[in-house]
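Colleague: So the chains spell out like this:
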Amino acid sequence: MQLALTILVDGLSYASWLFIVALGLTLVFGVLKILNIAHGSFYALGAYAAASVVAWFSGSGASPSLSLLAMLLAAIAVAILTAPLTERGLLRFYYGRDEVLLVLVTYAMFLMMEDITKLIWGANPYYVSEPYALFGNIDIGRQSYVGYDLFLVVLAVVVGLAVWWGLNRTRAGKIVTAVIHSPEIASSMGIKVSRVYMVSFAVGIFLAALGGAFTAPMISVQPGVSVGVIIISFAVVIIGGLGSIEGAAIGAIIVGLARALAVHIMPVAELFSVYLVMALVLVFRPEGLFQRIQARKI
Amino acid sequence: MSFNSTRLLRLCAAAAVGLCAMTAMAQETFKIGIVSFLSGQAAESFGIPAVNGAKVLINAFNKGQAPAPYNKIGIGGLQIEVVYVDEAGGATKQVQELRNLYERDKVDVVVGYVGSGDCLAVAPVAEELKKFLILYDCGTPRIFEENNFKYVFRTASHAAMDNVSMVRYLKARKIPVNVYSMINQDYAWGQDSRKDFMLSMANLYPNAKPAVDQLPKFGAGQYGTEISALMSQPADLIHSSLWGGDLQAFILQSGPRGMFKKSQVVLTAADHVLPGLGNKVPDGTIIGARGAYGLMAPPSPLNTWWWELYSKANNVYPVQAPYRMAQSLMGLKLAAEKAMQANKGQKPSMDQMMTALRGSEWMSPAGKIRMALGNGQQAIQDTAIGRTKWSEEKKLVMIEDIQYFDAECVNPPPSVKTEDWLKSGFAGAKCK
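Sequence lines, in order, name chains A and B. Start counting the first sequence at 1; every next residue gets the next number (this note's numbering). Start counting the second sequence at 1001; every next residue gets the next number (this note's numbering).
One chain only, chain A, in its complex shape (with noise of 0.2 Å):
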């Protein structure tokens, strides 16, 4: 019992910043139709600023409580100062053009963020492990939790809600559905297709720097944090099926779960059983756990 409790907390806990950056993919696939590689460029730079933007409100002696609307500051900043650069001033050029041409593009993108997260704050690690304190420590059973893993947990739960009543329940949400579903059409009725793209994609890269802000009190900030987080993004969306909010949260839990299961049970698979699930998906569901299947347009 008390290993079953461990594993699901364990699970959830993983699942949860996993959740926000695989659902700011899954986004822009959705609208936009590109297989972001420089969703991880993202994050890295989420977790950068939120590491510059706490220290900086750290020294100003502000309340380590602000510490967190100051990571959510950062994450926001980071949408609105590379979103709309990177997809007016580069991406839409490829628009039309074969998606593997686009998916190039993003790997590039990948490339050049990373020597230029390099250059604007080097290669020493930053840390900024004051938030991580913020919750103090929470038993469960005979295992002792830091609370902010347990308050991110909440938080993805949070941002699920709000992309989804977004996307469900408002009159934006519903000129986004329109455009996934038909660009031309949605264009002939007046909507600004490239605006919606755009805000698409910020709102995305806004998700991938939130999971990197919100991640960054746990980890050391340092090159190379873009790498091992795009790759289980997608693992999440594959599972989840590419497009939907749903799929990234139930693809989410599922890896969260299946890698806890197999770190407490047998550690030597651990990799292997997020693979070997996405594999099991991929047999019996093709296009994801909650991706419509959708006739083809000759």
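Quick caveat, the hints were computed from the structure, so don't treat them as lab data. If a hint is listed, it holds; no wrong ones were tucked in.
Okay, derived cross-link-like pairs now, DSBU-like style, lysine-lysine, Cα gap no bigger than 30 Å in a straight line: (1) Lys118(A) x Lys1031(B); (2) Lys1312(B) x Lys1280(B); (3) Lys1195(B) x Lys1430(B); (4) Lys118(A) x Lys1217(B); (5) Lys118(A) x Lys1312(B); (6) Lys1209(B) x Lys1430(B); (7) Lys1389(B) x Lys1261(B); (8) Lys1130(B) x Lys1072(B); (9) Lys118(A) x Lys1093(B); (10) Lys1395(B) x Lys118(A); (11) Lys1130(B) x Lys1031(B); (12) Lys118(A) x Lys1280(B); (13) Lys1072(B) x Lys1347(B); (14) Lys118(A) x Lys1055(B).
Chain A is already provided as a structure; the job is to place chain B on it using the hints.
Modeller: Only chain B this time, still in chain A's reference frame:
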């Protein structure tokens, strides 16, 4: 005195030729290719500090500002020229980069490689090209235990001594261990460290039993689940060879959960995270540095000079990677100068330099380096283990209760494979 125009012309010609030769001599340099991680996950902890160390040291060499016996300008009067190459990108890329360094950049020697996989990939290529290669950092014992190289050298001990010295330290301090758990990265370095630690424990703690054995992937970053697994089974000791960002994240995440209070944590390669993490490193953690490096370096005028040189230029004290780079370049400099002397002051050939380096000894900031294994091409060196203690006054993690281990006590004897030596119960080890 009669004027002889023909003679004057000849004198002028001879002077011109002489001047040309002098210019050529003045322009001749000693060219070194330095390969280390300049990007990616190993850059911050190893690659860039090592390159920073190379830069300040070579600058000091070129100005003749290093203390004796390193006080000749450059290498035997030749200015040292360096080509830096990023080690990131995988073994295949490194093989091509190595060829470029020799064939395009015409370097006299390549000094490089942090990753064991990269070392294993490039060593046979240098051998095939018959070019001088010095491995300065990577830890795998397989380089010389599974090969008989002529052109490849390694100027630092391989990884076996890290775990042997750690277990010897535990035994010397009478730290009771009935059950121990481990967390090591799931690649050559982590798996070798795990095996060496278990074999060393079997020698000195025959009744100790391994419990949790975690092998997260390199660069995992998130260790919440592994920490739960480690804490779910009581263990007297938790061993880890994690390094860089992985180690930093592990300490940041496990410290607040009380792991360091429940078990004695031993980290075999942790010195490089101390300056950055500061008081996040729990007191009493037993750490190694893969040599007597940084805060554990034995006091000497050479170490004091090196410490100040590096600290002044980089605003942080040197840790293991710059130390290993320094000992590599110092060994190369002395060998090349010795070969130069034997070559009547002329720039020595590659073979002459290799002959001089093979089996040689030299003093480094971390103590004496001896090319004692692998037919004189693999170094051994003394090492040290100690405990962390945060100094509020200095705002630094200090290391106390340091114990030094002789090289022959923690390294296998010549011609004995590491695994065989560990299984033999450290047969032939010479400990004081």
